[in-house]
Structures are given as structure tokens and as C-alpha cells.
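For the record, the sequence lines run as chains G and Z. Throughout, my numbering is defined as the position within the first sequence, counted from one, plus 515. Throughout, my numbering is defined as the position within the second sequence, counted from one, plus 686.
In short, the hints are calculated from the structure, not lab data. Predicted, not measured: the structure shown is a model, and the values here were computed from it. Errors might be hidden in some of the hints.
As the list claims (entries may be wrong) - Facing chain Z, from chain G, some residues (calculated, C-beta under 10 Å):
| hint | residue |
| --- | --- |
| 1 | Arg543 |
| 2 | Ala546 |
| 3 | Pro551 |
| 4 | Arg562 |
| 5 | Phe719 |
Beta carbons: idealized from backbone N, C-alpha and C, even for Gly.
Spelled out, the chains give:
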Amino acid sequence: MAVEYKDYYEVLGLPRDASQDDIRRAYRKRARQYHPDLNADPDAEDRFKELGEAYEVLSDPDKRGRYDRLGAQWRAQGAAPGNGDFEDFFERQGFDRDMGMEFGDGVFSEFFERLFGDGAAARPSGPMRGRDIEAIIELSLEDALNGARRRLSLGDGHSVAVNIPAGVREGQRIRVAGQGAPGRDGAPAGDLYLLVRLKPHPRFRRQGDDLLVDVRVAPWEAAVGATVPVSTLAGTAQVRVPAGSSSGRRLRLRGRGLPAGDDKRGDLYATVEIAVPKELSDEERELFEKLASVSDFNPREGGR
Amino acid sequence: MELAVVARQAGLRVSVVRRYLALGLFEPSAGTGRAPLFAPSSAARAAKAERLRRDLGLNPAGAVLACELLDRIRELESRGPNRSG
């Protein structure tokens, strides 16, 4: 598909031997004329973009030289000089640094891309820091509490050792400096951000920063009261089951939950579950039956 | 709407919009001195001024003047060809 030649000199109304001053003056005047906010014509925006492109080329001696040489060839042959593969459109901002001006965020024409699309002239130049990358990291509750070291493999065969600090929370981001995308022209690489997601735990249920667990108690422990062991994230703790606790009662272990920022911690709630022996010895059965006969407790009615 | 909302709708930083407010490009239409509220048209005016500033190398005061002259032209044109202001 033939790309049409653009006569930048004609766009600016200039002879081919115009000076830099002529070019700048012509552009500034026409920019004021055709700026879409100042000109109600429906073609104004396209003409304004075309002006910008013409100025971008003719105001830069290198680009102008290239345009004069190759453009003439193009015009004569009606085809693109051998510049390599066509590149997709991209957006950039043009600068007129002397005058502190930008000419908007237009897209350059296909003709421009053919002439200057080898990248050297058209890309924003200069060193640029690499962009940041975000990845998700799944942690067990124990690792979130205690911290951990992990080795992450980056796509290219390299791996990086990462220190997970103790006390991280769901949704927190951990910054790993310098492991993002590489920078250009000697600028530093971006950073890698690890988004923390907590894995479900086989024993505990998570409710915000609090943890939930069931604690099983014998009927006599629940009736008379007892101190029983309960598992926590950091080992076993003792919890006091008050006398007269029924199933479903929640016992709170303060500060045994997940890290909650600022050295704070959530709580662990142990829910009482009364477990009854499936089989009773003869003596146990006797004692239970005696208990039944002396007690007037009816769980199916209100009161006690 | 609040100034921050004006800025968001115009796609500009709050500091930029505040500068145009200080130059009188638009005024509060409601609210108090401490919590002024602005009409939705303020966002369009701020965006237009910033486009002119950026594209034509104007300073902010020049961009505001350009907007005000455009307002005047539109008003004159709407009065018809045979009347002058």
C-alpha cells in the first residue's frame, strides 16, 4: 500500500530554502490559526496535527536533512525508501524547547513513521528508569506472622532472594528494589512490588486480623469449668473455660491473631464445642444416670 | 462541585486548576468562602485554557485572556452581523 508523500514545506507555506527562523515563525502563526480551540472548522484539528508534524521535521536539522534527501526520492519513485519494517503508531509529545511549547499529544502520520520509524529520531530520547512490576505472593499465616525468606524466579531464568518481614498483612505490598523492568540508556531498573495474599489455613479461619478456631471440651469441663489447651499460630496456649459454658461460646485470646500493623495484633477466638464420649464405661454410665436423676436442668426449656 | 472534582474532570492537577481560579478564569457559583463549589463548566474552561497554554506556548494569564476574548467573540457573533458592542 503506497503511503502518500507529505510536503511539509507546503504545509507551512515555505520555500525549500527557508531558514530556521522562517520555519518557526510560520509554524507559530499557523498554529494560532488552526488550533481547534480557536478554529471552528472540522478540519482544523487534522491541519493542526499536520502543522505540528511539519514543524517537528523541519525544525530539526537532522530530520530535515533526512526528509529532504529521502523525501525527494519518495516523491520521485512514489514508494517508500528502504527503511525497514513499518512500525505501529505511537503517541508522543513534541517539544519546542526554546519556546517552552509542546504541540499536544498527536499521533504522527504513516509517512512520518516510514521516514523516521527506525526509532533513533522518533522515540523520546534519553535515559529512562524501568517501570515497576507487581506480582502476587501467597503466604501462609505463619510466614506472615514470623516473616520468611523466599526465592522467586523471574521470567528470564534468574531468581532473586526476598525477605518477607515479620508482621505482614493481607493486601500489603512489599517492595523489592531494582527487580522491576530494566532501565534504558543506563538508567536504573524499576522495582518489584509483591502483593501479599494469605493462604487459607487448615486449622484457623481468618476474619480480618482475627483468627477463629474450635476448642473441644468434655461435658464436665464445660459444666464445672477447666483450663484446656488450644492451638494458636505460635504453638499451644491454655484457655480458661468458664463453668457453665455451652457449645458456641466464644473465648477470646487477646493478641493471638494476625498482625494488625503498628505492632498490634488481632485476637484468637476459640469457640467451645462440647464433645460427648461415644461409649461409656459402666461406672461412667452409672454416674451420668445419677446425675440425671438429681438434676432438674432441662436444656429444652428456658431458665437455667 | 468541589475544586478537586473540577480538576479530575478536566484531567488536570489541582494546582493547575487553582492557578486558573486565581486568574479569574472561573468563579465559585455556590458554597462558602472556605468550601467553594463550582459549576461543571469550570472543568471545560480550565481544560481549554490549559490546551491553549500548552499548544501555543502561552503563559497562564495569556491563556485566560485568550479564553475571555473567545467568549467575547462568541457573544458578538451571536448578536448578529449588524450590531456592534
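| message | Restraint: Pro551(G) near chain Z, CB-CB cut 10 Å. Satisfied or not? | response | 8 Å, holds
| request: Would you check whether Arg562(G) satisfies its interface hint, that is, whether its CB is within less than 10 Å of any CB in chain Z? | output: 13 Å, violated
| Hint status (Cβ of Arg543(G) to nearest Cβ of chain Z, threshold 10 Å) | Holds, because the Cβ-Cβ distance from Arg543(G) to chain Z comes to roughly 8 Å (cut-off 10 Å).
| said: Quick check on Phe719(G) please, does its C-beta sit within 10 Å of some C-beta on chain Z? | reply: 42 Å, violated
| task | Would you settle whether the hint for Ala546(G) is holds or violated, based on the nearest Cβ-Cβ distance to chain Z being less than 10 Å? | result | 6 Å, holds
Checked against the numbered hints above, the structure violates hints 4 and 5; every other hint is satisfied.
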